[in-house]
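Novice: Going down the list, the sequences are from chains E and U. Going by the numbering used here, the first residue of the first sequence is number 1, and it counts up by one from there. Going by the numbering used here, the first residue of the second sequence is number 1, and it counts up by one from there.
Don't take each hint at face value.
[Unchecked claim] With a straight-line Cα cutoff of 25 Å, these simulated SDA-like cross-link-like pairs (lysine to any residue) come out:
#	chain 1	residue 1	chain 2	residue 2
1	U	28	U	104
2	U	144	U	193
3	U	233	E	69
4	U	179	E	76
5	U	137	U	162
6	E	79	U	233
7	U	265	E	44
8	U	196	E	16
9	U	265	E	9
10	U	122	E	35
11	U	315	U	95
12	U	252	E	34
13	U	231	E	81
14	U	48	E	9
15	U	265	E	69
16	U	125	E	46
17	U	144	U	162
18	U	26	U	318
19	U	179	U	230
20	U	297	U	272
21	U	297	U	263
If you are wondering where the hints come from, they were derived from the structure by calculation, not from laboratory data.
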Amino acid sequence: MDIKIIVKDRNNEKKTVSAPIDMNLNLMEVLKIHNYPIEGTCGGMALCASCHVYVNSENLLPTISDSEQAMLDDNWDSKQNSRLACQIPMSKDVDLLNIEIAPESF
Amino acid sequence: MIKTDIIIIGAGPVGLFTVFEAGLLKLKCHLIDALPIPGGQCAEIYPKKPIYDIPGYPTIQASVLVDKLMEQIKPFSPGFTLGETAETLEKDKDGNFTVTTTQGTVHTAPVVAIAGGLGVFKPRKPPIENLHTLEKKYIHYIVKEPSIFNKKNIVISGGGDSALDWALYFAENYAASVKLIHRSDNFRAHNDSVQKALNYAKEGKIEMILNSEVYSLDEKEDNIFLNVRSKNKETQNIKCDNWLPLFGLSPKIGPIGNWGLEIEKNAIKVNNSTDYSTNVDGIFAIGDVNTYDGKLKLILCGFHEAAIMVQSAFKKIHPEKNNVLKYTTVTGIKGF
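Bound-form chain U, shown alone:
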């Protein structure tokens, strides 16, 4: 069991900065995020986009902001549970919370800070009728363990970075054969990857099926059959061991919607006149996940909310102590 002072749900910019503000008060933090890397939307949706409204930075690329936040919080040695979704929350008689992830990792702390942004990033699934019945055996929306595709004939669908990167990876590793199906003949992935994939297609390492999509699925003798239709209505039937539809991830509010918190329009209602506390004592919500009159979904507002929130977290964790605001210019950073 992981014990800490503040469990932070969501490792986006606001969750990360909470570690810093808590660290100044000598509070330890542990972050849980469904994505395998820290950064939230900045990492998953727009890593290469410039942000212009971070104070002190006329412009900063989203992924660089994440790197800098990681550097800033390093002295406070945060713990991370990544690639796992916080699923259940329980409060014991002493007021401590236990948060358990989908993979069964158990965390406990007196305070929970939800910095969940838009929610949990879940794979976008193609709307095919029998997808649900075949997905367990044949379909992978995220590649977790590449080695399970050893000597397999795989088909990847999609035209973004993740589809291209995995097609290249499996053309070089493990797979017996790789086919890539894309609805268009343009790819939105990085130019280098696109060029490499086109070269591989010429060399026969990847078979590209462009301007086409999978419209239905069949199963026969431990194989999945993809029925593919092209833009000019030609159809073909492709036999394979596994299908990897990699159409990106989209956020859903997820299990925190069932934690007894007051929710309004997919966001958690908080008390913004005090400390961004929710209707459950000891649980706070900060950043894009919360809502109140006049809420602005801006990273810089989330940073402000984090600084205010940890003051109340401190009082909850150390009711006997009086905290006096100290300036980093005076005290410097004392890590732990």
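The following block holds chain E by itself, in its conformation from the complex:
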């Protein structure tokens, strides 16, 4: 079964993309598959902030690890609802997750 993720890109364009939940994918990988300009430089180790997103829905998400928190703390565009997409695994919990891709960090 696929779930739906609602994505707003950096040009404020909104699209709904689907993602399988049985492929061990995380949101960073799903965004890359759908050709969003997400770099995922560190490959998903929460060691860079190149997959920074804002979460605009109330889905149940895994708690933020120390490593993820540290990356968000050092990031200029971080807000209360900031997450690293690589730390959000695809599961039923994130069906209809509503996210916005954060500005590219320079």
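Got chain E sorted already, so can you dock chain U onto it with the hints?
Specialist: Positioned in the frame of chain E, the structure of chain U alone reads:
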């Protein structure tokens, strides 16, 4: 001018292993890397992470892999130009390449191997409007020469290892005063450094301004003024001689994007059915920097690409010679 057989752009694991494979064919290599140390991503992004897919090592820490590669290539005496970005590439009428770095170091060779990974690591700059106009005079994103901060009042921003390490260093050396601004009250640096910094803060050697960030800059009479805002919206204005925003480095494809190579999605297109050659004769691209159908960005794939690529490099450098594959179990390692 540095003359060699193969100029390798990028001293990450794949660039380093290229030296070994080339060395077996008695080809000399010189590596250029923008980072001041070898290791690429393994050194800059995840030195303490375990890697599980290096054949023969059930697990190996990234920094240890780099150390072992350095040991493995030592017999072949590679040259290094570190802390400099390969900026321009020119090909002369005899087909030799000249690669010049941002600092003006000139290298020449008949073959160039680009093992540039994700690209050049550049400092992450805070998005402040007049940053650009003030950066030359007051702002340092990387500390190259600590002594230039002698008797200076400096402010460091950031919460990672580099911010903490330099705050400690300048609290003990050179600086007249050190302030550390961090957006949170948690640091992601090593526990020892964090503890030491907190002790220094108690002793008055470092002034910590936590849960705060610099949001704008002013300049007055040879001083820079940082406008700082805390999470509960209190503001303050800090006068200093220099500001060091140390928010880590992020990779950008950099100048190799302008070398006439065919680029697709920030990677160099290569011919993977033969030898990872690019559209420019004599230039190869291996490791994470290249792309082809079925490409896997894995260190072990980069190692394979290096071994294949040096065979073609040999033919290009010695067209008159026939190379026969020799096994290290038979010949051992004959350094030079």
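Novice: Each hint needs a verdict: does it hold in this structure or not?
Specialist: Hints and how they fare:
1. U/28 with U/104: The given pair, whose Cα atoms are some 22 Å apart, holds under the 25 Å limit.
2. U/144 with U/193: The given pair, whose Cα atoms are some 20 Å apart, holds under the 25 Å limit.
3. U/233 with E/69: With Cα atoms ~21 Å apart, residue 233 of chain U and residue 69 of chain E stay inside 25 Å; holds.
4. U/179 with E/76: Given pair residue 179 of chain U, residue 76 of chain E holds - Cα atoms ~19 Å apart, limit 25 Å.
5. U/137 with U/162: holds (21 Å)
6. E/79 with U/233: Distance ~14 Å between residue 79 of chain E and residue 233 of chain U Cα, so the pair holds.
7. U/265 with E/44: It holds: about 19 Å lies between the C-alpha atoms, which stays within 25 Å.
8. U/196 with E/16: violated (49 Å)
9. U/265 with E/9: holds (18 Å)
10. U/122 with E/35: holds (24 Å)
11. U/315 with U/95: holds (14 Å)
12. U/252 with E/34: OK: residue 252 of chain U and residue 34 of chain E at ~21 Å, within 25 Å.
13. U/231 with E/81: Holds: residue 231 of chain U and residue 81 of chain E sit about 15 Å apart, inside 25 Å.
14. U/48 with E/9: Roughly 33 Å between the alpha carbons, so the hint for residue 48 of chain U and residue 9 of chain E is violated.
15. U/265 with E/69: violated (29 Å)
16. U/125 with E/46: holds (20 Å)
17. U/144 with U/162: holds (12 Å)
18. U/26 with U/318: Judged against 25 Å, a Cα distance of about 11 Å means the pair holds.
19. U/179 with U/230: holds (15 Å)
20. U/297 with U/272: holds (14 Å)
21. U/297 with U/263: holds (16 Å)
When held up to the earlier numbered hints, the structure conflicts with 8, 14, 15 and fits the remainder.
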